[in-house]
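Enquirer: Following the hints, put chain B in place on chain A, whose structure we already have.
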Amino acid sequence: MLGAALAVAGCAPDDGPQGEDEVGGTGDLGGELGPGGPGCDENWVALDGAAPPAPDAELPEFQALVAGEPTGTLDVSAVPAAPLVAPPPTLATREPMTLGWDEFVEAYADPWPGGWLIDGDQFVTSQQLRDIYQVLTNDQESPGPRLLAFSDEIFDEVWSEPRKLELTWCVGVVFPQPNLQPNNDAAAEKHQERYERILRGMEHGTKAWERATGVNFVHLAEFDDPAGGIGSGSCQPGQNNIHFRVRMGISDECAGPCAGVTNATPITEFDPQWAGPDNPGGFERELLFGPRALDSEQEMQITARHELGHVLGFAHEHLAFDQDVCNEFTVWRSLTPPDPKSVMANDTCPGAAKDQPRLSGFDRLGAFYQYSRARRNPLMMGGASLVHDYAYDGSERPGIAWFTPLDNAIQQWTSTGSPGQAITFSAVERCLDGQPPPCGGAVETSVGLRPSPLFVSGTSNDLDLLLLGPGTGLPDFLVTNDGTSYSSAAFGGPDFTIPVIGAFGHEIDDQIIVYRPGPASDSLLDPRSGAVHPADYADYAFPIPARFRGFGGGGNDVLWYQPDAQTIEIWEWGQIPEFSFERQGPVPGQSIELEPDVEYMPLIGDFNGDDRTDLFWYAPGLPTDWLWLSVSPQFTVIFDRFERQVMSEFRPLIGDFNGDGIDDIFWYAARSETPDALSVIWQFDEGGGHTPRVFSINGDYAPVVGDFDDDGCSDILWHDPADPDHVSPLWRCVGGDAFACDPPVEAPPDGFPIGSGLYG
Amino acid sequence: MNRFLSIMTLVAVGLTTACADDGPAAVCEPACAPYGPWLPGVGECVAGNCTPTFMECFENTEFSTCQAQCEAVGSTCAENGCADGTYMIHSNLEDCTNPEMIIGGVISRRCDEGIDWQVNTAARCCCEQDP
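Just so you know, the sequences run in chain order A and B.
Position 45 of the first sequence, counting from 1, maps to 45 under the numbering used here, and the rest follow consecutively.
Add 1000 to the 1-based position in the second sequence for the numbering used here, that's all there is to it.
Simulated from the structure, these hints should not be mistaken for laboratory data.
Take the hints with a grain of salt, since some may be wrong.
[Said to hold, decoys possible] Counterexamples of contact, computed for chain B against chain A with all Cβ distances above 12 Å:
| hint | residue |
| --- | --- |
| 1 | Pro1037 |
| 2 | Ala1072 |
| 3 | Asn1092 |
| 4 | Glu1100 |
| 5 | Ala1122 |
[Stated by the list, open to error] Calculated Cβ distances over 12 Å to all of chain B for the following chain A residues:
| hint | residue |
| --- | --- |
| 6 | Gln181 |
| 7 | Gly313 |
| 8 | Thr636 |
| 9 | Asp710 |
[What the hints assert, rightly or not] Partial selection, computed: residues in chain A whose CB lies under 7 Å from chain B:
| hint | residue |
| --- | --- |
| 10 | Ile570 |
| 11 | Glu582 |
| 12 | Gln584 |
| 13 | Gly585 |
| 14 | Val587 |
| 15 | Pro633 |
For each residue, glycine too, the CB sits at the ideal point set by N, CA and C.
Next up, chain A with everything else stripped away, as it sits in the complex (with noise of 0.2 Å):
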């Protein structure tokens, strides 16, 4: 990576881009393409192989959106509907605590570094715990700012959009530790048992949360010292860019039942009493596993999964399902129906699902409600729109839009080189609000918005943004983009939305379910207009809209997927009139050959290159996948299915990985977090076959994939949050056969490329 760095010194400022700066370098490529040429290092080798803009439009009401008019203010709230989340059944009838505090405290609570433990292993601040105390007596007086997801307060507990990506850790202190008993070889075999399942723990659990919630954790191993001490070792929590650590609890921090515990929780995350690099003394995030995790292998992956719902913010599942035993109080907003299978229910809890080491369709649900954002799918809008990437400066040149919540600014990278040449981006810094920079605005609350790229005014060139603020604590905007210039307007609407992003209508702009998980009622608002209309899905389900019936068959399809009972419904928008649709289903998970209990990630593309939106169900593991060919015509969404089989966990990127106008599948494995996985690409042919392309990729990346060089072909940009020099390689796809090495580029310091994430 030394390389890497070097090369990006010369071409971008060590601040960051700023104005009209150039990111990237000019990259004199000469005959050596491919992985081994310029820009490239040591870290892949390639085993094998190798229109017009959409009119603008008058948008007469969309223009009294703009801030300062607030009779413009898009509201759906008018919608009539149920409660939003429905508190918890045990705080909805319980009677006020008659306990004081300290009563309280010594009840239920026991002091853990950082803050308390609750209900075993559920890590609260004292400022949370305040706030539980004062929600279970019923205390009138204002307990200030709340800081958690309590029923029917005020923001979710979850890591900002640039922490998400970036959830470094390494391994501390495992005993018993070969250098303390030099001649005890059972106490080394030990040793090194205990630390390889705590890698096999963490490598399993933070892929499947991964998979469920586009999160990146990265595992920064050279930093694991296993042998040292807690203060002495190499992997210090909040130095050398160490999120937490992971270790073995000692002596009464975590023995017996205790298999594990945490306080790496996201309401810890901008508080300046935790260690960081200004603050090696601050409390340290860490995830401790007890013996009795460290001694079974079924043991340590339930509860490397359960610490690691900890970890991501998730309170335990037990206390929303009727048993008497566990239930002490709960204060957590429901993001599901209440889950016995859910891997954050403890299994000694009557009802609760014994010896699950694997995610529910709940648990994988709620985290992607929680972590996973809304986009427009400009792969698949590109039919019509011929830009099938996110662009944004008015151009048809593709981009990235970098959210900087701490700089309340957006950065806009635009790329600038031609098809054949390295790629390079112009960069701006765009500010939230609208005004030029320098951006203000307070941080707290942009760290807490959650940003989608859509289409609701000018074109398809110059993208818009939707950024909400789930709650009643935050602001949800809709930012309007003309190529030059955001304009920023107050977004109304219930909290805790769900936002589902797609061109429903006659044109290919976007409109906006707005989904409320469960029976509470939906709607289809129309930005361009303003209008409302009724869109109410009642069940808890992933929305994945897609053209199954490609640009024949009216505006975008939404598929629901329902993890639990493994059921699909379908919503085939019509034409007439516009806004319309027909519901097909559900149907069950049996019919469709789906099983009970699978993990499926429904992974959109056109694998065919006949216009219409084909899915593969991928099932990590030995079960079996599926590709479903849309064979649908103008009014009915109809499949071919094809089994398939992926063994192995891998993250999937969709893009046309050789030019050929079909999407392929990009099966991307980080040898350092699993040194013998290789990457491999599903070439997709018009048959739905496919050629497999196998590389080897050392590094764990947040990638961006996009035809940067408007060549037809799919792009990479190797995102690397966790690199101190927030340096990201480039690969650029040459021939359609092969990927040249760009010189790498300096992504912005905590930024998150918006729309990029889960099945990215």
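Expert: Relative to chain A, chain B alone:
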């Protein structure tokens, strides 16, 4: 279009006979039940016989195979006999019987194989027209 549907109903109850093929003029007496210009060759008169055609609409609660459905209307299932398909799938019965939505998804399957409804609830099977 209504005339077309009526003919199909007549076919379904077995009131037609084999046609005569007059070569290029292709006059058949009595008439076959061509599915229409959207699917050329389906149900038309060829070499003195009516080719199989997509019969009347039915719902997924009525039949699970085309073999059963065709037998129920006094005919025989023609495997992949209509535009290379054995049945035509529609979102629902209303769409299936809507003349403006006459073309559904043409699916190739064995006659005795269960109809792959997926999210759909109506279909037409490809059956022989000759008694």
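Enquirer: Hint by hint, note whether the structure agrees.
Expert: Results for each hint:
1. Pro1037: 15 Å, holds
2. Ala1072: Per Cβ check, B/Ala1072 is outside 12 Å of chain A; nearest 22 Å; holds.
3. Asn1092: B/Asn1092 not clear of chain A: closest Cβ-Cβ about 7 Å, inside 12 Å.
4. Glu1100: Violated, because the least Cβ-Cβ distance between B/Glu1100 and chain A comes to about 9 Å, which does not exceed 12 Å.
5. Ala1122: 9 Å, violated
6. Gln181: Fine: 62 Å to the nearest Cβ keeps A/Gln181 off the interface.
7. Gly313: 35 Å, holds
8. Thr636: For A/Thr636, whose nearest Cβ neighbour in chain B is about 5 Å away, the distance does not exceed 12 Å, so it is violated.
9. Asp710: 36 Å, holds
10. Ile570: Holds, because the Cβ-Cβ distance from A/Ile570 to chain B comes to roughly 5 Å (cut-off 7 Å).
11. Glu582: Holds. Min distance 6 Å.
12. Gln584: The hint holds - A/Gln584 has a Cβ within 7 Å of chain B, the shortest such distance being about 4 Å.
13. Gly585: 4 Å, holds
14. Val587: Status holds, d = 5 Å.
15. Pro633: Cβ of A/Pro633 sits 5 Å from chain B, so the hint holds.
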